[in-house]
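So the chains spell out like this:
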Amino acid sequence: MDFQSCVNIQKEWDIVGARQLGRDKAKELGFGTVDQARIATAISELARNIYLYAGTGKICFETINDMNHKGLCVIASDNGPGIQDISLVMEDGYTTSGGLGAGLPGVKRLMDQFDIISEPGKGTEIRTVKWVR
Amino acid sequence: MTNLKLEIDNYKELLKQYILSLDEKALYQAEQFSKLSMQHNISPEEIINVHIQALKDLYPNLPKEVDNSLNFLLETMISYGLAYQEFQSLREKQLELKSEISVAAKMQQNLLLTEKPTIKGLDIGAISVPAHQMNGDYYHFVSGSDGGLGIAIADVIGKGIPAALAMSMIKYSMDSFPESQRSPSVILENLNRVVERNVEPGMFMTMFFGLYNQAKQTFAYSSAGHEPGFYFDAKKNEYSEIAAKGLVLGVAKDTTYQEYEQNVKPGDMIVLLTDGVTECRIGDRFIERDEVLQVIKRYENYPAQEAVEQVFKYFERLQGFQLRDDFTLILIRKEV
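In order, the protein sequences belong to chains H and L.
For the first sequence, the positions run 1 to 133 when my numbering is used.
For the second sequence, the positions run 134 to 469 when my numbering is used.
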């Protein structure tokens with residue numbers, strides 16, 4: 001876990017910036033095309049959630065590169081309203097956006113590891129990792 | 134992993150075959166390939182990736198634009214892949230739910246099980262078939278120590294699981310009433326209190342309760358807004374409606390019910406039903422009560438159980454074997 005870099009999410013176009021940075025890091029680490037696309041889609045989902053529900057927040061990247069494994073950790077954090085019922089938003093078919101977007105279950109599928117910490121009224125932090133295969 | 138690799142090679146081979154010969158056989162094999170991939174939960178973007186790899190192997194000097202455009206396509210397919218995975222997991226969940234409901238339905242059948250009693254001088258037939266897995270109709274026979282027979286038939290307004298749950302409650306509260314309290318009006322008044330207290334507002338139940346008195350040869354009954362049945366007078370060879378007024382259960386706390394009485398003579402017949410019978414639909418049209426009666430008449434000389442089964446079969450077929458509502462029909466004939 002060497003260094004971390006972040007993209008602030010304030011407007012819709014920041015989502016693109018986050019994707020770009022994420023993709024560059026994924027390429028550097030040696031992810032294949034399909035996994036690059038998956039990581040980019042996961043970043044989009046996370047960034048869009050911040051943009052839609054929290055207003056502002058940030059997407060940070062940590063590259064994991066030690067002896068045993070290489071991977072990319074994507075951390076989405078905001079000080080928004082938080083998630084009341086995490087189990088509910090992790091259910092397939094649950095939607096607040098009218099079915100557009102893959103939602104958090106989608107992010108979980110796209111990545112290898114997924115964790116949420118959220119407190120209503122305080123904010124949300126989602127950490128996901130994808131390993132280079 | 135080696136397996137997948139094999140499949141990629143397989144794909145490459147097929148692609149080559151097709152590009153060289155435009156062979157239908159290769160297309161057929163591509164179809165097999167896609168089915169196999171689905172069996173292994175391989176999502177669309179992975180197929181596209183396989184395609185890109187195969188194409189690059191076959192044509193190392195692919196124009197950069199084509200290469201880039203294929204990557205573009207791959208990105209575009211990611212969301213489809215996710216939707217496909219979500220669909221798979223929802224389908225599994227649906228199967229789970231289905232089997233859970235079928236367990237519940239079996240439990241309900243056991244809970245609501247009522248034995249058709251053998252009463253001297255009466256021929257009884259009864260059938261109740263749910264439209265979905267769980268039944269919101271209900272009938273129940275209570276045979277008294279005096280050789281009398283109580284018959285309850287009820288219908289929850291609404292279908293499915295909530296209706297079925299409400300019905301189980303009715304059955305158990307009825308079981309808890311003492312035998313001395315079997316007058317139809319008193320039973321309905323008690324049940325009305327139970328329903329009013331325990332069922333959420335907006336859920337109503339109609340019910341008919343009849344009591345056949347063996348000694349007096351009378352049929353006493355009260356109705357809580359239930360679909361009227363028919364009474365066949367053998368002497369006059371005439372059917373008439375079993376008219377009875379009464380508010381549906383669960384509307385007001387202190388509802389009282391009027392009790393009616395009918396002398397039962399040999400050959401007479403009592404027909405009780407739910408609106409699943411009279412509201413059979415053919416296309417967009419509800420059938421008329423009169424049509425129901427015509428069908429019942431057609432089988433009136435059959436033994437009671439066979440008659441109700443035949444009437445059910447008739448309406449089942451009429452509706453294209455897809456019941457719109459739970460169907461319950463009871464026939465009680467005083468033997469000659």
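A hint or two may mislead.
[Stated by the list, open to error] DSS-like, lysine-lysine: derived pairs with alpha carbons at most 27 Å apart: (1) 27(H) <-> 349(L); (2) 197(L) <-> 168(L); (3) 189(L) <-> 27(H); (4) 197(L) <-> 25(H).
What the hints contain is simulated information worked out from the structure, not anything from laboratory work.
Hints, one by one, checked against the model:
Straight-line distance between C-alpha atoms of residue 27(H) and residue 349(L) comes to about 93 Å, which puts the hinted pair past the 27 Å bound. A distance of roughly 31 Å separates the Cα atoms of residue 197(L) and residue 168(L); the hinted pair therefore is violated under the 27 Å criterion. In summary, the hint linking residue 189(L) to residue 27(H) is supported, as the alpha carbons are separated by about 19 Å, within the 27 Å threshold. Using a Cα cut-off of 27 Å, the hinted pair residue 197(L) and residue 25(H) holds, with the two alpha carbons roughly 23 Å apart.
Comparing the model with each earlier hint shows violations of hints 1, 2; every other hint is respected.
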